[in-house]
Amino acid sequence: MPRRVRLTLQAVAVLVLAAMVALFAQSLLQNSTTVYAQLKDGRAPTAPNFTAPALLGRGEITLSRYRGRVVLLNLWASWCTGCQAEAPVFNQAMAEYRSRGVVVLGVDTNDFVSDGRGFARTYHDGYPLVHDSGGIAARWGFGTGLPVTYVIDRSGVVRHLFDGLVTSSALASVLRPMLAGAS
Amino acid sequence: MRRWPVAAVLVVLAWLALPPAAMACNGWTEPDMETQLMCTVCHERLDQSNSAFAGRVRVNLHRWCGDAWTADRVRSTLVAQFGEEILAAPPKRGFDLLAWVVPAAVLAVGAAVAMGLTLAWSRSRRGPPGRSLPPDPALDARIDADLRGLD
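Residue numbers (my numbering), protein chains in the order written: chain A, 1 to 183; chain B, 1 to 151.
By construction, these hints were calculated from the structure, which means they are not laboratory data. Computed from a prediction, not measured in an experiment: that's the story for all the values here. Take the hints with a grain of salt, since some may be wrong.
What the hints assert, rightly or not - Quick list of simulated restraints, FRET-style, between CB atoms: (1) A/Arg65 to B/Val113: 57 to 67 Å; (2) A/Asp125 to B/Ala105: 14 to 24 Å; (3) B/Asp67 to A/Ala37: 35 to 45 Å; (4) A/Arg98 to B/Trp100: 44 to 54 Å; (5) A/Ala37 to B/Ser76: 51 to 61 Å; (6) A/Val5 to B/Glu44: 45 to 55 Å; (7) A/Gly59 to B/Glu84: 18 to 28 Å; (8) B/Trp121 to A/Ala25: 20 to 30 Å; (9) B/Glu84 to A/Gly57: 20 to 30 Å; (10) B/Gly110 to A/Gly59: 52 to 62 Å; (11) B/Ser122 to A/Thr33: 35 to 45 Å.
Claimed, not checked - Selected chain B positions facing chain A (in silico; Cβ < 8 Å): (12) Phe53; (13) Gly55; (14) Arg56; (15) Phe82; (16) Ala88; (17) Gly94; (18) Leu98; (19) Asp136.
As the list claims (entries may be wrong) - Sample of chain B residues lacking proximity to chain A, with all beta carbon distances greater than 12 Å (derived): (20) Val6; (21) Gly27; (22) Trp28; (23) Thr29; (24) Ala54; (25) Leu78; (26) Thr118; (27) Leu147.
We put the CB at the ideal spot given by N, CA and C, even for glycine.
Isolated chain A (complex conformation) (with noise of 0.2 Å):
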């Protein structure tokens, strides 16, 4: 084979792999660890920041206004049946704990929006809802199914994971101490 051929060929090899590599690294830039990985590593991670439509009413809703109460994200579904059964806890809870500095912010996420908004009016009240078109699913995580609720506190980070139904008593049980430390 020709000198020069087999220059043109070897270059032409280590640009392939270049690009391959850089892609690569692309990827891994995007795809970083979930909120819920982290959580599960015994992490307390800083809560990503999203910006999304409201899932009632006109507008969006950014995690970050927050930045200062105790955040309780709830990740839910309209087909997700445990998610019908906890909306009763939240919006107690808002009812509770609103005058401490608490908000529950819900996500309706994998679901169809007109699903959501009818769940959405059946069962919540009185608390922001957005609609989640897969990327916040995607940074935040969740396990083997919905719902799931990330409990952030008052500077950003998320300190509690509640992966499945959440009860009255295992809501007190994380938000007392956190409120009693602020107060």
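Following the hints, complete the assembly by docking chain B onto the known chain A.
Relative to the frame of chain A, chain B by itself:
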């Protein structure tokens, strides 16, 4: 002549055997569309998933089929609702782009190598081109003499 009733019966049976979705949808079928989609909750292909999410997607596919939506409209609506994770095929960007590019590149390189090897092989079969020797008057004269001797 009596074959036409049998043929008619066969046509009717074939028509009845067709899945309803294949007849109703606008150029696509519900079972085929399910093979192109993922359950974003259980991460299985939709046609293999029994999750509640998959059930909701199936209900909507059936409705859109009845409304004569095109396959592109179905896919784009689902991507708008759930992101590209809903598609079974990898997206054509980032590292996933390799899933599309590498098979085509491997085919192209393989074809080029095969063509090169074939050319090299056919050249080697022909052998090296013959070399002509410079004329030798003495040899020519001897050959002529020998030929004359044969006459």
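The hints, checked one at a time:
1. A/Arg65 to B/Val113: 57 to 67 Å: Since A/Arg65 and B/Val113 have Cβ atoms about 59 Å apart, the given range 57 to 67 Å holds.
2. A/Asp125 to B/Ala105: 14 to 24 Å: Distance hint for A/Asp125, B/Ala105 is violated at roughly 56 Å.
3. B/Asp67 to A/Ala37: 35 to 45 Å: At 40 Å between Cβs, range holds.
4. A/Arg98 to B/Trp100: 44 to 54 Å: holds (50 Å)
5. A/Ala37 to B/Ser76: 51 to 61 Å: violated (30 Å)
6. A/Val5 to B/Glu44: 45 to 55 Å: With Cβ atoms ~48 Å apart, the hint holds.
7. A/Gly59 to B/Glu84: 18 to 28 Å: holds (25 Å)
8. B/Trp121 to A/Ala25: 20 to 30 Å: violated (42 Å)
9. B/Glu84 to A/Gly57: 20 to 30 Å: holds (27 Å)
10. B/Gly110 to A/Gly59: 52 to 62 Å: This hint holds: roughly 55 Å between Cβ atoms.
11. B/Ser122 to A/Thr33: 35 to 45 Å: Distance hint for B/Ser122, A/Thr33 is violated at roughly 56 Å.
12. Phe53: Since chain A brings a Cβ to about 6 Å from B/Phe53, closer than 8 Å, the hint holds.
13. Gly55: holds (7 Å)
14. Arg56: Because about 5 Å separates B/Arg56 from the closest Cβ in chain A, which is inside the 8 Å limit, the hint holds.
15. Phe82: Since the shortest Cβ distance to chain A is 5 Å, the answer is holds.
16. Ala88: violated (15 Å)
17. Gly94: holds (5 Å)
18. Leu98: holds (6 Å)
19. Asp136: Nearest chain A Cβ about 38 Å off; hint violated.
20. Val6: holds (48 Å)
21. Gly27: With a cut-off of 12 Å, B/Gly27 remains clear of chain A, as the shortest Cβ separation is near 23 Å.
22. Trp28: Its Cβ never comes within 12 Å of chain A, the nearest being 19 Å, so this holds.
23. Thr29: holds (21 Å)
24. Ala54: violated (9 Å)
25. Leu78: violated (9 Å)
26. Thr118: Check passes; 16 Å lies beyond 12 Å.
27. Leu147: Check passes; 48 Å lies beyond 12 Å.
In summary, the structure is inconsistent with hints 2, 5, 8, 11, 16, 19, 24 and 25 from the numbered list given earlier, while agreeing with the others.
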